[in-house]
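Colleague: Each chain, letter by letter, is given below.
There are 2 protein chains.
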Amino acid sequence: MQTIPINSDRLLSDLRELRKIGGVGSGVVRPAFSDYDMEARYWLKKRFEDAHLDTTIDGVGNVLGRSRKIGTSILLGSHSDTQPEGGWLDGALGVIYGLEVARALHEYDNTSQLSVDVVSWQDEESNFLSCLGSRSWCGTLNPDLEKLAVSREGEKLEHALKRVGLDNTPRLKIEENRYLGYLEAHIEQGCYLEEASEKIGIVTAIVGIRAFIISFKGEQNHAGTTTMKRRKDAATAMFETAYRINNQFPSLVNETTVWTIGNATVEPGASSIVPGAAELTLQFRDQDERILDSLEEEVRKIVSEIENKTEIKVDVRPGREVIRPSKMDSSFQKHLSKAAQAITPNAWRYMPSAAGHDPMVIHEKLPCGMLFIPSIRGISHNFDEDSHEEDIVLGCEVLTSAVASILMSE
Amino acid sequence: MQTIPINSDRLLSDLRELRKIGGVGSGVVRPAFSDYDMEARYWLKKRFEDAHLDTTIDGVGNVLGRSRKIGTSILLGSHSDTQPEGGWLDGALGVIYGLEVARALHEYDNTSQLSVDVVSWQDEESNFLSCLGSRSWCGTLNPDLEKLAVSREGEKLEHALKRVGLDNTPRLKIEENRYLGYLEAHIEQGCYLEEASEKIGIVTAIVGIRAFIISFKGEQNHAGTTTMKRRKDAATAMFETAYRINNQFPSLVNETTVWTIGNATVEPGASSIVPGAAELTLQFRDQDERILDSLEEEVRKIVSEIENKTEIKVDVRPGREVIRPSKMDSSFQKHLSKAAQAITPNAWRYMPSAAGHDPMVIHEKLPCGMLFIPSIRGISHNFDEDSHEEDIVLGCEVLTSAVASILMSE
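In the order they appear, the protein sequences are chains A and B.
Using my numbering, read the first sequence as starting at -17 and increasing by one per residue.
Using my numbering, read the second sequence as starting at -17 and increasing by one per residue.
Chain A with its partners taken away, still in its complex shape (with noise of 0.2 angstroms):
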């Protein structure tokens, strides 16, 4: 595996000056479409521009940054808006990474032929509508949602983006035939890689997500004189499910699984009134399929025993659309580890991304690869999100290598 050389200070030093627009403390305000965003994204066209990108700002807010150069060409990135109370380095270390590629490549001999394209996706972090810019991209997002979508503040897509002057531009399509796949590099928002002080997470897949609303219905009624035997207890009905929810799924899943009960309600909430209805909202991660099959197959199991018990009716419906997992390209991945061995031997890992991104929506359309870096005790959306300069650097050699490795291997 030949390694590439990069420009550590001039990729630092454009994180650092990125961080500043819409800066707040450690932390970063640039949510899609405010002005700092637009403004963030006028700075990276520039920037893109002097790396010899013909860059264009298309109707959506994406800015797209392409090679001039011959051959097919592998499209980095990632995105520059943020949460309300984001992090410096979520989605700008990506895109700041696919420039520092492009520039490393076209300044080191061996690679100056390579064609990279990088791109900021607008909106990733659902400000108005969860990926709007690559799924605008790959043509499939949905004219009824677009119409439908509101930022956190009120205001509808179709007003924003006359607001910020993008009304009449043109969406940037995919273009077929063009690339080899996306890659995509970020933080690891987990502590994976620095519990085992490790360097770089290559990523297998991005999980998917089932939800679950619970619903239970009994019957409501005084608190003093129901006895036991003649209750029909909606919220006991629902703490016996939550328990054996909690304490079965363990023997289900891997070391990687998630599940979440975030939230519970009972009705109507007195403390002298026996319970009526209650409800919780389930939702559990994995990479793999059949674990989520296999924990959707409990949940029913556990809500039909609950219901052949009791006189409560229980409801399980689903509490958002499904997200399948995003399985990575797996000779990117071979590309990703090849380069991370040379450079880091021994510190990196195959892991799944435990939180969406990008690629969830690209994938469908492109290989894809994403690399992690370590994030400092796994904070992250958050203005104490952080990471350490020399991880940061690492992880850019890493896939400026892999990506050379990946356009050469063609």
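Among the hints, a few may not be true.
As the list claims (entries may be wrong) - One side of the interface only, derived from the structure: several residues of chain A facing chain B at Cβ under 7 angstroms:
no., residue
1, Ile52
2, Gly190
3, Gly206
4, Thr207
5, Thr218
6, Phe221
7, Tyr225
8, Asn228
9, Thr242
10, Asn245
11, Val248
12, Ser253
13, Gly258
14, Ala259
15, Gln265
16, Arg267
Unchecked claim - Listed next, with one range per pair, are the computed distances between beta-carbon atoms:
no., chain 1, residue 1, chain 2, residue 2, range
17, B, Glu137, A, Gly5, 32 to 42 angstroms
18, A, Glu67, B, Pro300, 56 to 66 angstroms
19, B, Arg272, A, Arg134, 29 to 39 angstroms
20, B, Asn290, A, Ala178, 54 to 64 angstroms
21, A, Arg212, B, Ser8, 15 to 25 angstroms
Hints listed in this document are in silico derivations from the structure and should not be mistaken for laboratory results.
Every residue gets a Cβ at the ideal spot worked out from N, C-alpha and C, and that includes glycine.
Given chain A's structure and the hints, the job is docking chain B onto it.
Modeller: Below, chain B alone, put in the same frame as chain A:
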């Protein structure tokens, strides 16, 4: 046991007339100090006076009819205020029973010398302040609580007293040495009697109530990237606590004990966030203080086990003022049981009252007794509340004979 005749037509006709004051459909809307409540109190005053009772509406709205006869008296009654959407018998039954007992004893040669006072307490149903009238009469009304008392509609008690013209009226106090005790009849508000085809419940005690708010403090986190091992999920601890309470209490209780987890909340309550905090309310009721003790001990044991095996901080604090069980006078119970056995042989039982009543206040000053008649389907605090006419009449016969027996055995 001598049984005393009553005038059942007069009894039922008075109940029906009272029902019309504030009547809505099959129910009654006569909350304390409403226009209908005061109309009912003036109607009762007239009825009491017609029964040769010297009658006063005192400064908190109690209607007290005082016998002119010589010798120790028994006080009989209940309350004529209702729930916001009340049934026609809750409270009214006990007041009209008292009136009918006074009339029946007066009219029957053998008992015409017996002294019976009749009362309708104010605001048993807690529009402003639960058991306002009996507390005031017993001298246990907390002046600070009275100052803070506000109706469900937001009116201050002080203002209500002015509005109904009672602000300058003296408040009656318990007369030392006048009473052998206080007796109250009530509908059961439960199903024990109906299910057993029994006609009379003789109350052994009004149950004590203990209530707790149990709070769980963990750490809020991302539901995708936080591994199960690293989580401090407050809701998971709450679900297990609730489940174990429901699972372990049955071995510590008797068949009349009740417990209720009436509310549960999860913070922040989002499907993709590991809950950082959760809270439940727990209440339990029994007539036996030892059972209440053992349940409280069990809760503390469960909570401490949860704290020991997780990193969740659990806090248990009182959810309300402790209500201690109110024992009914054993001699009164005996007289009531003899009357019941004479009138409806083997179709009566001893039982606790699971709901609260004025004797909870009064038993601290006077021996108390209570008698239940069956409720149809156990419904109460509801327009559909009802009892069969023959059960209403029979209950009054039992009370009349029991009161005669108590007074004559003096």
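Colleague: Are the hints correct? Go through all of them and say.
Modeller: Results for each hint:
| no. | hint | verdict |
| --- | --- | --- |
| 1 | Ile52 | 40 angstroms, violated |
| 2 | Gly190 | 11 angstroms, violated |
| 3 | Gly206 | 4 angstroms, holds |
| 4 | Thr207 | 4 angstroms, holds |
| 5 | Thr218 | 5 angstroms, holds |
| 6 | Phe221 | 4 angstroms, holds |
| 7 | Tyr225 | 4 angstroms, holds |
| 8 | Asn228 | 5 angstroms, holds |
| 9 | Thr242 | 4 angstroms, holds |
| 10 | Asn245 | 4 angstroms, holds |
| 11 | Val248 | 5 angstroms, holds |
| 12 | Ser253 | 4 angstroms, holds |
| 13 | Gly258 | 11 angstroms, violated |
| 14 | Ala259 | 12 angstroms, violated |
| 15 | Gln265 | 5 angstroms, holds |
| 16 | Arg267 | 6 angstroms, holds |
| 17 | B:Glu137 to A:Gly5: 32 to 42 angstroms | 54 angstroms, violated |
| 18 | A:Glu67 to B:Pro300: 56 to 66 angstroms | 37 angstroms, violated |
| 19 | B:Arg272 to A:Arg134: 29 to 39 angstroms | 55 angstroms, violated |
| 20 | B:Asn290 to A:Ala178: 54 to 64 angstroms | 29 angstroms, violated |
| 21 | A:Arg212 to B:Ser8: 15 to 25 angstroms | 23 angstroms, holds |
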